[in-house]
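Chains as they are written, first to last, in my numbering: chain Y, 1 to 191; chain W, 1 to 225.
In short, the hints are calculated from the structure, not lab data. All figures in this text were calculated on a predicted structure; none of them were measured in a lab. Each residue gets a CB set at the ideal place from its N, CA and C atoms; glycine is no exception. Among the hints, erroneous ones may be present.
Said to hold, decoys possible - If the Cβ cut is set under 8 Å, some of the chain Y residues that face chain W in the computed set are:
id	residue
1	I106
2	S107
3	L176
To be verified - Far from chain W, by Cβ distances over 12 Å, these chain Y residues were calculated:
id	residue
4	N32
5	G49
6	P104
Claimed, not checked - Distance condition first, Cα-Cα at most 20 Å in a straight line; then the derived DMTMM-like pairs of lysine to aspartate or glutamate:
id	chain 1	residue 1	chain 2	residue 2
7	Y	K111	W	E112
8	Y	K56	W	D219
9	Y	K72	W	D219
10	W	K163	W	E180
11	W	K184	Y	E116
12	W	K29	W	D219
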Amino acid sequence: MQVLLLNGSSKDDAFSQQLCDIFVNELEKHDNKVEVIELCDTRIESCLGCFGCWVKTPGICVINDAGRDLAKSVVQSDLVISVSLVTFGGYSYEVKKALDRLIPIISPFFKKINGEVHHKPRYKRYPKVISIGTLTENKQELIDTFQYLVKRNAINMHSPVYLSRVFLNNEAAQGLGQEVFEVLKEAGAVK
Amino acid sequence: MNKRALLLIGSPKPASSTSEAVGDYLLDKLRQYDIEGEKIKLIQILKQEDGINELISAINNCDILILSSPLYLDSAPAIVTKAMELISNDRIAREHIKRPIMLAICNSGFPEAHQNHTALSIYRHFANASSFEWAGGLALGGGGSIDSRPINSLGGMVRNVVKSLDLTASAIADGKHIPEEAIKLMAKPFVPHWLYFIFGQFGWRIQAKKYGAQKNLNDRPYEVN
Ligand SMILES: Cc1cc2nc3c(=O)[nH]c(=O)nc-3n(C[C@H](O)[C@H](O)[C@H](O)COP(=O)(O)O)c2cc1C
Chain Y
1 MQVLLLNGSS
11 KDDAFSQQLC
21 DIFVNELEKH
31 DNKVEVIELC
41 DTRIESCLGC
51 FGCWVKTPGI
61 CVINDAGRDL
71 AKSVVQSDLV
81 ISVSLVTFGG
91 YSYEVKKALD
101 RLIPIISPFF
111 KKINGEVHHK
121 PRYKRYPKVI
131 SIGTLTENKQ
141 ELIDTFQYLV
151 KRNAINMHSP
161 VYLSRVFLNN
171 EAAQGLGQEV
181 FEVLKEAGAV
191 K
Chain W
1 MNKRALLLIG
11 SPKPASSTSE
21 AVGDYLLDKL
31 RQYDIEGEKI
41 KLIQILKQED
51 GINELISAIN
61 NCDILILSSP
71 LYLDSAPAIV
81 TKAMELISND
91 RIAREHIKRP
101 IMLAICNSGF
111 PEAHQNHTAL
121 SIYRHFANAS
131 SFEWAGGLAL
141 GGGGSIDSRP
151 INSLGGMVRN
161 VVKSLDLTAS
171 AIADGKHIPE
181 EAIKLMAKPF
191 VPHWLYFIFG
201 QFGWRIQAKK
211 YGAQKNLNDR
221 PYEVN
């Protein structure tokens, strides 16, 4: 599988970094091709909300920076994994900045999904998604919001499979390896 | 001393936005109750060198914090997330802070107001984590119909938005939370679904024509065969 990993960990977040390393190790052990984007070292401007990616240069963001490469990599991957601190039940700024730049990969036109209006897909296929959240405290309310958000995003981004896990910052490294393996297995990336 | 309301605009659009149009209307209404109003665009202030300190001092001076923001991927736009992270970290680090009330208005492109609910949950969690008293959230579907225009210029189409904001202003001025009735009125759709689809189909084509891109709307620049 071609796998894209969005590493949203900040310099002082050793736990998320450790999680990313475990993912990469496990994926490579099973012959996946992994591209990692270190979000805090990558200059990605925030989406301007101009919809130029739909009406001016359809499918391509008007901002010419690494956000374009990101959108391209997402479309060309089989699986996209993001690792983000859960902030107020959502993604952290670094990760959200990257995700907001993905609307060029869907169509401006509408279709109904489960009775609601959403955008049509632009491409024939989209990657599976694993969204990993990390938290310092076990707050169920935040975990519920994060997992619901991942589910809602999967509808909008036409993800054929979406999985989310929230890890607590104090989990033992040994247990982490097993959990990472399980979620990758569910996504079909390891056997 | 009069109470002070601070309106934060979460849309990254540099000029006008639906978030601002709706927020402006509410701020004007609050002024009628002798509440002082100040407005800050997050995208502008966070670009300034000392912007974050300016933002934080405005928050520390307010009694009512209003966030008006578009829905981006079922949640807060990146710029709002950044502001929330910075504000929250600052408030957690301070010992003595006021506890203003906070309300949020979220407007989505899709017509169903309930698509804003995840974002409103995020804003509620932010309020709770950052010592604001959560006064509730208003979800507005089909924000594109307002299209950044002043609410007062839109006539009957926005009658429920107007009623909702009037009720909200009166309750907030009274020190209360957003009333249920205001939440329901704001969530009422402007146009039936089928009309929304037709607008959508033509709207994007008309906009694309300006750039000579109307034939390319379905391009797949990153497709691999
Ligand atoms: C990056 C991006 C993501 C968006 N995601 C959603 C979404 O998940 N659901 C939705 O209904 N509208 C979505 N929209 C549409 C905006 O919420 C809508 O256009 C809104 O009215 C803009 O408000 P503003 O003028 O205040 O910026 C998105 C727009 C952008 C640019």
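Item to check | 20 Å Cα cutoff - pair K56/Y, D219/W | outcome: Answer holds: K56/Y to D219/W is near 11 Å, not above 20 Å.
Mind checking the CB of I106/Y against every CB in chain W and telling me if the closest is under 8 Å? Hint violated; I106/Y Cβ to chain W Cβ min 10 Å, cut 8 Å.
Does G49/Y really sit off the interface, with its C-beta more than 12 Å from all C-beta atoms of chain W?
-> violated, 5 Å
**Message:** Run the distance test for K72/Y versus D219/W: straight-line Cα separation, threshold 20 Å.
**Reply:** Since the Cα atoms of K72/Y and D219/W sit roughly 13 Å apart, the hinted pair holds (cutoff 20 Å).
Hint check: is the beta carbon of S107/Y less than 8 Å from a beta carbon of chain W?
holds, 6 Å
Decide if the proposed pair is consistent with the structure: K111/Y and E112/W, CA atoms, cutoff 20 Å inclusive. Holds, at roughly 13 Å.
Beyond 12 Å from every chain W Cβ - status for N32/Y
holds, 17 Å
With the threshold set at 20 Å, check whether the alpha-carbon distance from K184/W to E116/Y stays at or below it. It holds: about 18 Å lies between the C-alpha atoms, which stays within 20 Å.
So if I understand the rule, the pair passes when the alpha-carbon distance is 20 Å or less; does K29/W with D219/W pass? violated, 45 Å
Per the stated criterion, does the least C-beta distance between P104/Y and chain W lie above 12 Å, as a non-interface residue requires?
violated, 8 Å
With a cut-off of 20 Å on the C-alpha distance, tell me whether K163/W and E180/W pass.
The hint holds at about 12 Å.
**Request:** Answer holds if the nearest beta-carbon of chain W is closer than 8 Å to that of L176/Y; otherwise answer violated.
**Result:** With a minimum Cβ separation of about 25 Å from chain W (threshold 8 Å), the hint on L176/Y is violated.
Hint check: violations occur at hints 1, 3, 5, 6 and 12; the rest are consistent with the structure.
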